[in-house]
Amino acid sequence: SSSGDINYAYLLFTTIPSPNLYCWNTIIRGFSRSSTPHLAISLFVDMLCSSVLPQRLTYPSVFKAYAQLGAGYDGAQLHGRVVKLGLEKDQFIQNTIIYIYANSGLLSEARRLFDELVELDVVACNSMIMGLAKCGEVDKSRRLFDNMPTRTRVTWNSMISGYVRNKRLMEALELFRKMQGERVEPSEFTMVSLLSACAHLGALKHGEWVHDYVKRGHFELN
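All letters in the sequence shown, in the order written, are residues 1 to 222 by my numbering.
No lab work stands behind these hints: they were computed from the structure.
In this text, all values refer to a predicted model and were calculated from it rather than measured experimentally.
Any given hint might turn out to be false.
Stated by the list, open to error - In silico BS3-like links for lysine-lysine, alpha-carbon gap of 25 angstroms or less:
1. K215 / K178
2. K140 / K167
3. K178 / K134
4. K178 / K140
5. K205 / K178
6. K167 / K178
7. K215 / K205
8. K167 / K134
9. K167 / K205
Let's have the full structure, built from the sequences with the hints guiding it.
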């Protein structure tokens, strides 16, 4: 499944007479990362009806599937189950719950959980930056971005794409220059955001420069 052949992985899964916890977790995680995340949720329901109970490593994948679907309210029901099981303080589970709420536009729920974090976590910060920008709160995104002690490439991408999403195009280009100054390697997602900004600005020279950067960096053209 991690190689992208989720259908063959599922075919193998169906041949196992009594899948153990590891098998269930693996196939659910595979579908949560696929183009059909709703099947991860269906498999989770099947798992609940089996003799194998979900454990802490099962839930992040299911939350991620809900997040992919933008189904924050449905994910909230699963959040209630996690609370009853006493797993809500698990770092991985917390991060994926914040992600699903932020990605689904349920910012008050995401913020409440984020504010309860004992220690700022870069994954949770990335989710909040993305969620705030999606809801038009791009200045709050930037304040969070600036206050982060460490930033990953995902952090930079989230902030740049947030500016583009909110038509703050020159700020997106300026932030990319700062990204270069800090020697953070951009990804294909960075390039897509930058090209989109140049297109909206009608900035052909900037766009040609980004195109050259793509060629020099040997980015795969997808």
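Status of the hints after comparison with the structure:
As the CA atoms of K215 and K178 are separated by approximately 21 angstroms, the hinted pair is consistent with the 25 angstroms bound. The straight-line distance between the Cα atoms of K140 and K167 is roughly 16 angstroms, inside the 25 angstroms bound, and the hint therefore holds. Note on K178 and K134: the hinted pairing holds, with a Cα-Cα distance of about 22 angstroms set against a maximum of 25 angstroms. Using a Cα cut-off of 25 angstroms, the hinted pair K178 and K140 holds, with the two alpha carbons roughly 19 angstroms apart.
Restraint check for K205 and K178: the C-alpha separation of about 19 angstroms stays at or below 25 angstroms, so the hint holds. Proximity of K167 to K178 is assessed by CA-CA distance (about 19 angstroms); at most 25 angstroms being required, the pair is judged to hold. At roughly 15 angstroms between alpha-carbon atoms, K215 and K205 fall within 25 angstroms of each other, so this suggested pair holds. For the suggested pair K167 and K134, the alpha carbons sit about 12 angstroms apart, so the restraint of at most 25 angstroms is met.
For the hint pairing K167 with K205, the CA-to-CA distance comes to about 19 angstroms; that is within 25 angstroms, so the pair holds.
No hint from the list above goes unmet by this structure.
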